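Colleague: From first to last, the protein sequence lines stand for chains E and B. Using the UniProt record's numbering, the first residue of the first sequence is number 1, and each one after it goes up by one. Using the UniProt record's numbering, the first residue of the second sequence is number 1, and each one after it goes up by one.
The list that follows gives simulated cross-link-like pairs (lysine to aspartate or glutamate, EDC-like), each with its CA atoms no further than 20 Å apart:
hint: 1; chain 1: E; residue 1: LYS74; chain 2: E; residue 2: ASP20
hint: 2; chain 1: B; residue 1: LYS7; chain 2: E; residue 2: GLU53
hint: 3; chain 1: E; residue 1: LYS77; chain 2: E; residue 2: GLU7
hint: 4; chain 1: E; residue 1: LYS18; chain 2: E; residue 2: GLU7
hint: 5; chain 1: B; residue 1: LYS40; chain 2: B; residue 2: GLU53
hint: 6; chain 1: B; residue 1: LYS60; chain 2: B; residue 2: GLU15
hint: 7; chain 1: B; residue 1: LYS38; chain 2: E; residue 2: GLU8
hint: 8; chain 1: B; residue 1: LYS7; chain 2: B; residue 2: GLU64
hint: 9; chain 1: E; residue 1: LYS83; chain 2: E; residue 2: GLU73
hint: 10; chain 1: B; residue 1: LYS16; chain 2: B; residue 2: GLU6
hint: 11; chain 1: E; residue 1: LYS83; chain 2: E; residue 2: ASP100
hint: 12; chain 1: E; residue 1: LYS18; chain 2: B; residue 2: ASP115
hint: 13; chain 1: B; residue 1: LYS40; chain 2: E; residue 2: ASP126
hint: 14; chain 1: B; residue 1: LYS16; chain 2: B; residue 2: GLU64
hint: 15; chain 1: B; residue 1: LYS38; chain 2: E; residue 2: GLU3
hint: 16; chain 1: E; residue 1: LYS60; chain 2: E; residue 2: GLU22
hint: 17; chain 1: B; residue 1: LYS127; chain 2: E; residue 2: GLU53
hint: 18; chain 1: B; residue 1: LYS99; chain 2: E; residue 2: ASP100
hint: 19; chain 1: B; residue 1: LYS38; chain 2: E; residue 2: ASP126
Just so you know, the hints here were simulated from the structure itself, not pulled from any lab data. Given the structure is predicted, the values throughout are model-derived calculations rather than measurements.
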Amino acid sequence: MVEWTAEERAAIQGVFNKLDYESVGRESLTRCLVVYPWTRRYFGGFGNLFNAEAIMANPKVAAHGIVVLQGLEKALKNMDDIKNTYASLSEFHSVKLQVDPVNFQLLSDCLTVVIATRLRTEFTPDIQAAWQKFLAVVVSALSRQYH
Amino acid sequence: MLSNTEKELIIQIWEKMLPVAEEIGSEALLRMFTTFPKTKTYFSHLDISARSEHLRCHGKKIVEALAEGARNISTLTTTLAPLSRFHAYQLRIHPTNFKLFNHCIIVTLACHMGDNFTPVAHAAIDKFLSAFSAVLAEKFR
Numbered sequence: 001m002v003e004w005t006a007e008e009r010a011a012i013q014g015v016f017n018k019l020d021y022e023s024v025g026r027e028s029l030t031r032c033l034v035v036y037p038w039t040r041r042y043f044g045g046f047g048n049l050f051n052a053e054a055i056m057a058n059p060k061v062a063a064h065g066i067v068v069l070q071g072l073e074k075a076l077k078n079m080d081d082i083k084n085t086y087a088s089l090s091e092f093h094s095v096k097l098q099v100d101p102v103n104f105q106l107l108s109d110c111l112t113v114v115i116a117t118r119l120r121t122e123f124t125p126d127i128q129a130a131w132q133k134f135l136a137v138v139v140s141a142l143s144r145q146y147h
Numbered sequence: 001m002l003s004n005t006e007k008e009l010i011i012q013i014w015e016k017m018l019p020v021a022e023e024i025g026s027e028a029l030l031r032m033f034t035t036f037p038k039t040k041t042y043f044s045h046l047d048i049s050a051r052s053e054h055l056r057c058h059g060k061k062i063v064e065a066l067a068e069g070a071r072n073i074s075t076l077t078t079t080l081a082p083l084s085r086f087h088a089y090q091l092r093i094h095p096t097n098f099k100l101f102n103h104c105i106i107v108t109l110a111c112h113m114g115d116n117f118t119p120v121a122h123a124a125i126d127k128f129l130s131a132f133s134a135v136l137a138e139k140f141r
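Whole structure, please, built from the sequences with the hints as guidance.
Modeller: Okay, structure coming up:
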């Protein structure tokens, strides 16, 4: 069981309260596809992902960004049992989508960077630590159902 | 592989960071120590608390080395040879830690540059830091 201090819960909730799902979601997925181009292999049906400009303008990337953040919100609402909350999502990523779990960390890092560009000095080292602990638990839960 | 545009971007960014090297470097280190506490095990000989003299001084050294690397991207191996030997034979840092620090440098740049830290700049810096770390770890074995 993951232990969360009151400060960590507050920090994580605080970050979420400031997230515009549409904008942060789109930009996080965009950065992942730009900074780590091999991740494009998972988005064959998204059309033009050939360069940074195309990815930034791609409506399917934008739509999917929102889906990702809505998924994260589920984890936020069930912070004391992310493992079970994500069981079927994990199976979906492993069996249907066949995503190498190593890539979850990449998207997670891109999301953190986008949040840093938005929150700037408000994203203190302590808040970053709490936020990354949350994402580490999410990534671990998503990686569990690989057999 | 870095394009010429990316090399330009990298030089520009580190030129901007040089005047605030102490601030940027110490913040990146503090972020790494806070988010990844195991990294503190390499610094038992220093006072690495927030705003300490050691932290600021060490942070400055790192940013200056990164800026030097940025100015000499095509000759990284020769430029960084002394640092490379130092990391391999004296410091002996487990190579996975380079990634953790690189991530914290990127988060620090993102906090300071905001939207100016565009996806393209992010990609260029990420590639640069990977190349830099690879050279630092080159002599490990």
